[in-house]
Amino acid sequence: LAKTTQPISMDSYEGQEVNITCSHNNIATNDYITWYQQFPSQGPRFIIQGYKTKVTNEVASLFIPADRKSSTLSLPRVSLSDTAVYYCLVGDRTGFQKLVFGTGTRLLVSP
Amino acid sequence: DAGVTQSPTHLIKTRGQHVTLRCSPISGHKSVSWYQQVLGQGPQFIFQYYEKEERGRGNFPDRFSARQFPNYSSELNVNALLLGDSALYLCASSLGSSSSYEQYFGPGTRLTVT
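Protein chains in written order, with this note's numbering: chain F, 1 to 111; chain Z, 1 to 114.
It is worth saying that the hints were derived from the structure and are not from the lab. Even for Gly, the Cβ is constructed at its ideal location relative to N, Cα and C. Hints are not guaranteed to be accurate.
Said to hold, decoys possible - Taking lysine-lysine pairs in the DSS-like style, the calculated list, with each CA pair at most 27 Å apart, reads: (1) F:K98 with Z:K13; (2) F:K69 with F:K3; (3) F:K98 with F:K69; (4) Z:K52 with Z:K30; (5) F:K69 with F:K52; (6) Z:K52 with F:K98.
Claimed, not checked - Covered stretches of chain F, as calculated for chain Z (at least 3 residues, CB under 8 Å): (7) 37 to 44; (8) 53 to 61; (9) 98 to 110.
Put together the whole structure using the sequences plus the hints.
Below, the structure written as structure tokens:
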């Protein structure tokens, strides 16, 4: 299972763009990169998933360089409600057992 | 449409007792996974069931077991409870068994073992 490393915490202000980078040096050829968001006392919520280059949806963008040894979740113009824990997961698509949650990145957005 | 529902929301048990947690997936979802989340940590995978068959098992002792019913709802059973089993237990459902499918989590069951 590919191990991921993320910053423990990040601080930002409303309206700023936030980039959270995840390192996954031993990512395998069949592995995908998935990001989840979790608010206190709630279950995680899927944000985005990608394999290479760039993926964008209505919530975020995911940038994956050619070597795929890292990925960056980009949140445009954050608001106070984006304060949460963000998890980077790496695994193949055979099942959810392969997607391992680490300790995540605690993002605090201030006014 | 209702999301993933779990019952009960909170539970207090004594060491050595048994507990059953229940999960109802989103309508049409055939895969259910269970996770344990200890305070300050990310969720840890316990089981995945798809079409009533176990598709994955995490690194948990045999005291933990689960099953999925014909209506795709699921139960997680934990025997001989230990203090260390105190955690938030999360259930998640998805359309298929592959992690290419988006996984939807329920609000969890907070289990306290005293």
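query = Which earlier hints turn out false for this structure, listed by number in ascending order?
reply = Result: hints 1 and 8 break, sorted rising.
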